[in-house]
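Peer 1: Each chain, written out:
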Amino acid sequence: MKELIEKLVNAFGPSGYEDDIASVLKELIAPYVDEVHHDNLGNLIGIKRGNGGKKIMLAAHMDEIGVIVTHIDENGFLRFSNIGGLNPFGLIARRVRFADGTVGVIHHEKLDNIRDLNLRKMYIDIGCSTKEEAEAKVSIGATAVIHEGVDLLGSRLTSKVLDNRAGCAVLVAAAQKAPKTNNEIYYVFTTQEEVGTRGAKTAAFGIDPDLGIAIDVTPTGDTPEAHRMSVSLGKGAAIKVKDSTIVTHPKVKAFLTEIASANDIPYQFEILDGGGTDAGPIHLTREGVPTGAISVPCRYVHSASEMIDLNDFDACVQLLVGAITADLSARF
Amino acid sequence: MLLKRLTEAIGVSSREDEVRDILREEVGQYASIRTDALGDLIAYKEGTGPKVMLSAHMDEVGLMITGIESNGMLKFRSVGSIDPRVLVAKKVLVGKDKIPGVIGSKPIHLQKPDERTHPIKIEDMCIDIGAKDEAAAKEKVKLGDCAGFATKYEAFQGGLIKGKAFDNRVGCAVIAEVLRHDFTLPVYGAFTVQEEVGGRGAGVVAYDVVPDVTIVLEGTTASDVAGIDPHLHATTVGQGPAITFMDGSVISSRPVVDRLIEVAKKLDIPYQMRRSTASGTDAGKIRLTRTGMSVAVVSVPCRYIHSPVSIASLEDFSRTVALVRGFIESLQEGGLEL
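If you read the sequences in order, they're chains P and E. If you count by the numbering used here, then the first sequence holds residues 1 to 332, one letter each, in order. If you count by the numbering used here, then the second sequence holds residues 333 to 670, one letter each, in order.
Bound-form chain P, shown alone:
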């Protein structure tokens, strides 16, 4: 599984610029679905046709947080803004990579007090000494992502952008494993989640599903002096109960719990105080869609070194396969 995740985290895909990660995913998903297409927002949609069963939309966002160039100065330094939620302190001395492979180092102006740090006081050094030289490599509006590798720590794996390439990998693995049933499955790799769950909104409108399941990561509460939250690494797939954008439909929560119990899949409930996922816009589409979410527990979300447990990952895949192959005729 490390190979699949590694392949996905190394693909380039800040919100709005998901072409590279989309092409990697397209190749991975195509053999297991009947058709693949993109919609107007760039969402990648793989459809596994059913036979009169329910229409299930699975959504894992493929975009990642990143930076976008807003200014190039006389000495070739780049000023930038954020794409999605970035912690400026986590960016100090971090390397970033542009779509064409150009690498830069993020640093900051001299500050009397490090608490005064914000993105407006930071810059990217791409090794150029003049504006002209820098402009030959990047232009205003160019995007870059965090540049960091993958390490396996026993059953755990640390890398950048496990949010949400881990979720994408769950979808790919489920597509590989799930036998054909009556259900019509839409494997949707959504765009622009990190800037406000935008891709899922238009994808759900187009698909008009009977059931929606978002697959994303969730923060945990199992580290020293952590924010109190009853999700831990290694304790199984997280079934979302609530976040800022959705109260999971009780029938969906019960359904996922039932599948987990019946198949001895370790699971835990997730209540996320702040933040949302693609489940939010999906459940508010058209006349409303019963929607839930399966989350891969993940420490240090939105940093260069996020961490998941591969056993949890497997539990998420099993739970998802169980859900999409179940007989839903009497359920949704």
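Incorrect hints may appear among the rest.
[As the list claims (entries may be wrong)] Listed next, the in silico DSS-like pairs over lysine-lysine satisfying Cα-Cα at most 27 Å (straight line):
id, chain 1, residue 1, chain 2, residue 2
1, E, K597, P, K131
2, P, K26, P, K54
3, P, K137, E, K597
[Claimed, not checked] For the chain P half of the interface with chain E, some residues (derived, Cβ under 8 Å), not all of them:
id, residue
4, F12
5, G16
6, R120
7, I140
8, Q192
9, V195
10, G206
Hints listed in this document are in silico derivations from the structure and should not be mistaken for laboratory results. Glycine residues also receive a C-beta, built at the ideal position from the N, C-alpha and C atoms.
Fit chain E to the supplied structure of chain P, relying on the hints for placement.
Peer 2: Showing chain E alone in chain P's frame:
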């Protein structure tokens, strides 16, 4: 002059009537016109091929009357985002009858020392229309009436203009100018309501029209002003239309942005990228309508927006018209892979 008429009209969000009437009269001369349930004005010029929509909001930030005091003073709240510090001692016009008023607050010689160190809050201001008591005020004004700034449009030195509500009457005027021209493609001019309170009109227009590509026209913030470092200048007055790659509400469709740049270069129109990702426009709502729509934003840079007076360049305005017209013509010639 259309810009003068449009900017001197008052159209605080949800009270866009006066602006809508001017546009209906103006654009109605060369396009068919209808209004939807929210008050959005939709102009249409027939054609064949992909539908192009040009969208600009008609509303402006302003004030709403929330209380009438026993002494005849009016209490108010802002509609849309206004820095309370720009309000003190400004002249306003209240309600449909445009009753003249002045925003009053405790004068400096009556302020306690600590009050002088803080900006005056909106709660501590009132609009004085000269009414002697509550009854006299109520003859002129009702709760829920809106007030706008009483600023006249004027030409300024260096080809600049000054006036109020450039955000976004300049966008409305750009569309009106572009629609004077004839195109072979079907072109819609959407003049939307309630952008300043959350892009409310634009989403329903896009849902209704279902355009293939949309350009949102805006008057955007020019931060080439005192106290801002050059690397934080979002746009600069006089350097041409500003093209948005990303803001708080939208990541523009890249093929549309690329085409705009291509057209600007080809027609030798100076342009600039909007070098900030803050704030939002109607494009956010349009982009996410139905199964997603192709959108980009082109703005005329304006200094001091969301205040009683802004400054813009007439040359930037006419270059914006030329760019948008050139964009539509480029679609007619070569289409666009979206």
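Peer 1: Taking the least C-beta to C-beta distance, is P:F12 closer than 8 Å to chain E?
Peer 2: violated (14 Å)
Peer 1: Does the CB of P:V195 sit less than 8 Å away from some CB of chain E?
Peer 2: holds (7 Å)
Peer 1: With a cut-off of 27 Å on the C-alpha distance, tell me whether E:K597 and P:K131 pass.
Peer 2: holds (21 Å)
Peer 1: Verify the interface restraint on P:G206: the C-beta must sit less than 8 Å from at least one C-beta of chain E.
Peer 2: With a minimum Cβ separation of about 4 Å from chain E (threshold 8 Å), the hint on P:G206 holds.
Peer 1: May I ask you to test the interface hint for P:G16 with respect to chain E, counting a Cβ-Cβ separation under 8 Å as satisfied?
Peer 2: At about 3 Å, which falls below the 8 Å cut-off, the nearest Cβ of chain E leaves the hint on P:G16 intact, so it holds.
Peer 1: What's the verdict on P:K137 and E:K597, does the C-alpha distance respect the 27 Å limit or exceed it?
Peer 2: holds (20 Å)
Peer 1: Hint check: is the beta carbon of P:I140 less than 8 Å from a beta carbon of chain E?
Peer 2: This interface hint holds because 5 Å falls under the 8 Å limit.
Peer 1: Hint check: P:K26 vs P:K54, CA-CA at most 27 Å. Holds or violated?
Peer 2: holds (24 Å)
Peer 1: Mind checking the CB of P:R120 against every CB in chain E and telling me if the closest is under 8 Å?
Peer 2: holds (6 Å)
Peer 1: Does P:Q192 pass the interface hint, meaning its C-beta sits closer than 8 Å to a C-beta of chain E?
Peer 2: Status holds, d = 6 Å.
Checked against the numbered hints above, the structure breaks only hint 4 and satisfies the rest.
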